[in-house]
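A.B. asks: For the record, the sequence lines run as chains A and B. The opening residue of the first sequence carries number 873 in this note's numbering; numbering runs sequentially from there. The opening residue of the second sequence carries number 84 in this note's numbering; numbering runs sequentially from there.
Hints in this document: simulated from the structure, not taken from any laboratory. Ideal placement from N, C-alpha and C gives every residue a C-beta, glycine not left out. Be aware that one or more of the hints could be misleading.
Claimed, not checked - Which bits of chain B does chain A cover? Going by a derived footprint, with three or more residues having C-beta under 8 Å, they are:
no., stretch
1, 92 to 103
2, 132 to 141
3, 149 to 157
4, 189 to 196
As the list claims (entries may be wrong) - Below are the DSS-like pairs computed for lysine-lysine, each with C-alpha atoms no more than 30 Å apart in a straight line:
no., chain 1, residue 1, chain 2, residue 2
5, A, Lys914, B, Lys97
6, A, Lys928, B, Lys97
7, A, Lys939, B, Lys92
8, A, Lys939, A, Lys928
9, A, Lys914, A, Lys874
10, A, Lys874, B, Lys97
11, B, Lys127, A, Lys928
12, A, Lys939, B, Lys140
13, B, Lys127, A, Lys914
14, A, Lys874, A, Lys939
15, B, Lys97, A, Lys939
16, B, Lys181, A, Lys914
17, B, Lys127, A, Lys939
18, B, Lys140, B, Lys92
19, B, Lys92, B, Lys127
20, B, Lys97, B, Lys127
21, B, Lys127, A, Lys874
22, A, Lys914, B, Lys92
23, B, Lys97, B, Lys140
24, B, Lys140, B, Lys127
25, A, Lys976, A, Lys928
26, A, Lys914, A, Lys928
27, B, Lys140, A, Lys976
28, B, Lys181, B, Lys127
29, B, Lys181, B, Lys140
30, A, Lys976, B, Lys181
31, A, Lys939, B, Lys181
32, A, Lys976, B, Lys97
33, B, Lys92, A, Lys928
34, A, Lys914, B, Lys140
35, A, Lys939, A, Lys976
Stated by the list, open to error - Partner residues aside, some chain B positions facing chain A, computed with beta carbon under 7 Å:
no., residue
36, Tyr114
37, Tyr116
38, Leu186
One-letter residues, chain by chain:
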Amino acid sequence: QKEVEQNSGPLSVPEGAIASLNCTYSDRGSQSFFWYRQYSGKSPELIMFIYSNGDKEDGRFTAQLNKASQYVSLLIRDSQPSDSATYLCAANSGGGADGLTFGKGTHLIIQP
Amino acid sequence: NAGVTQTPKFRILKIGQSMTLQCTQDMNHNYMYWYRQDPGMGLKLIYYSVGAGITDKGEVPNGYNVSRSTTEDFPLRLELAAPSQTSVYFCASSYSMKPGQGLYEQYFGPGTRLTVT
């Protein structure tokens, strides 16, 4: 059974601080990892993807991958109230187009 | 580009009724997916398709059927609706961003909120 685990939160972070979201996965065959942001009542939208060990930065967002520890994280710098949402971690196992395995999501609240 | 469109947006079904959730994409993506999302949960894959005429089961296929006669359309059929099928249903399409790396960026439709009572 492929599983992706996330702390459901809520994670409360002051505005301007760094928000750190974490995710672990069970399938060592997973090749690529995705972070989606989902506002209440809306569909998920892709924030970042990563497939190599290490860090990947895009604006205020940094994704980190450690395949040995089966661990993925997302850092959001200079957090804004508009970043308040649920963040879904997803893994693509086996490299095929057969869909993603999603975690339950972490509810992030940025306090003004 | 409209992207991925889904109809209807909302639907209430009685137990035992059937319905088809429609999904259309205009991005010429080969890959299409149906997920369901229960409250406070992540998305679970119901069915997927890697091209016209090819479909396969995902994690939670029981009670559903799909077809893919064209690249654009991927309808999801619910037969004999049950309360356990109350959920939000998302259709998605994707393309390969980087062949061989398992990178398929998925574009999601707006969702269909289904209640079975």
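A.B. asks: Give a verdict on every hint.
C.D. replies: Now the hints, each set against the structure:
{"no.": "1", "hint": "92 to 103", "in the structure": "violated (count 0)"}
{"no.": "2", "hint": "132 to 141", "in the structure": "holds (count 3)"}
{"no.": "3", "hint": "149 to 157", "in the structure": "violated (count 0)"}
{"no.": "4", "hint": "189 to 196", "in the structure": "holds (count 5)"}
{"no.": "5", "hint": "A:Lys914 - B:Lys97", "in the structure": "25 Å, holds"}
{"no.": "6", "hint": "A:Lys928 - B:Lys97", "in the structure": "48 Å, violated"}
{"no.": "7", "hint": "A:Lys939 - B:Lys92", "in the structure": "39 Å, violated"}
{"no.": "8", "hint": "A:Lys939 - A:Lys928", "in the structure": "14 Å, holds"}
{"no.": "9", "hint": "A:Lys914 - A:Lys874", "in the structure": "26 Å, holds"}
{"no.": "10", "hint": "A:Lys874 - B:Lys97", "in the structure": "33 Å, violated"}
{"no.": "11", "hint": "B:Lys127 - A:Lys928", "in the structure": "27 Å, holds"}
{"no.": "12", "hint": "A:Lys939 - B:Lys140", "in the structure": "28 Å, holds"}
{"no.": "13", "hint": "B:Lys127 - A:Lys914", "in the structure": "16 Å, holds"}
{"no.": "14", "hint": "A:Lys874 - A:Lys939", "in the structure": "15 Å, holds"}
{"no.": "15", "hint": "B:Lys97 - A:Lys939", "in the structure": "46 Å, violated"}
{"no.": "16", "hint": "B:Lys181 - A:Lys914", "in the structure": "27 Å, holds"}
{"no.": "17", "hint": "B:Lys127 - A:Lys939", "in the structure": "23 Å, holds"}
{"no.": "18", "hint": "B:Lys140 - B:Lys92", "in the structure": "24 Å, holds"}
{"no.": "19", "hint": "B:Lys92 - B:Lys127", "in the structure": "19 Å, holds"}
{"no.": "20", "hint": "B:Lys97 - B:Lys127", "in the structure": "23 Å, holds"}
{"no.": "21", "hint": "B:Lys127 - A:Lys874", "in the structure": "11 Å, holds"}
{"no.": "22", "hint": "A:Lys914 - B:Lys92", "in the structure": "11 Å, holds"}
{"no.": "23", "hint": "B:Lys97 - B:Lys140", "in the structure": "25 Å, holds"}
{"no.": "24", "hint": "B:Lys140 - B:Lys127", "in the structure": "11 Å, holds"}
{"no.": "25", "hint": "A:Lys976 - A:Lys928", "in the structure": "23 Å, holds"}
{"no.": "26", "hint": "A:Lys914 - A:Lys928", "in the structure": "26 Å, holds"}
{"no.": "27", "hint": "B:Lys140 - A:Lys976", "in the structure": "21 Å, holds"}
{"no.": "28", "hint": "B:Lys181 - B:Lys127", "in the structure": "24 Å, holds"}
{"no.": "29", "hint": "B:Lys181 - B:Lys140", "in the structure": "24 Å, holds"}
{"no.": "30", "hint": "A:Lys976 - B:Lys181", "in the structure": "26 Å, holds"}
{"no.": "31", "hint": "A:Lys939 - B:Lys181", "in the structure": "19 Å, holds"}
{"no.": "32", "hint": "A:Lys976 - B:Lys97", "in the structure": "28 Å, holds"}
{"no.": "33", "hint": "B:Lys92 - A:Lys928", "in the structure": "36 Å, violated"}
{"no.": "34", "hint": "A:Lys914 - B:Lys140", "in the structure": "25 Å, holds"}
{"no.": "35", "hint": "A:Lys939 - A:Lys976", "in the structure": "20 Å, holds"}
{"no.": "36", "hint": "Tyr114", "in the structure": "4 Å, holds"}
{"no.": "37", "hint": "Tyr116", "in the structure": "5 Å, holds"}
{"no.": "38", "hint": "Leu186", "in the structure": "5 Å, holds"}
In summary, the numbered hints that this structure violates are 1, 3, 6, 7, 10, 15 and 33.
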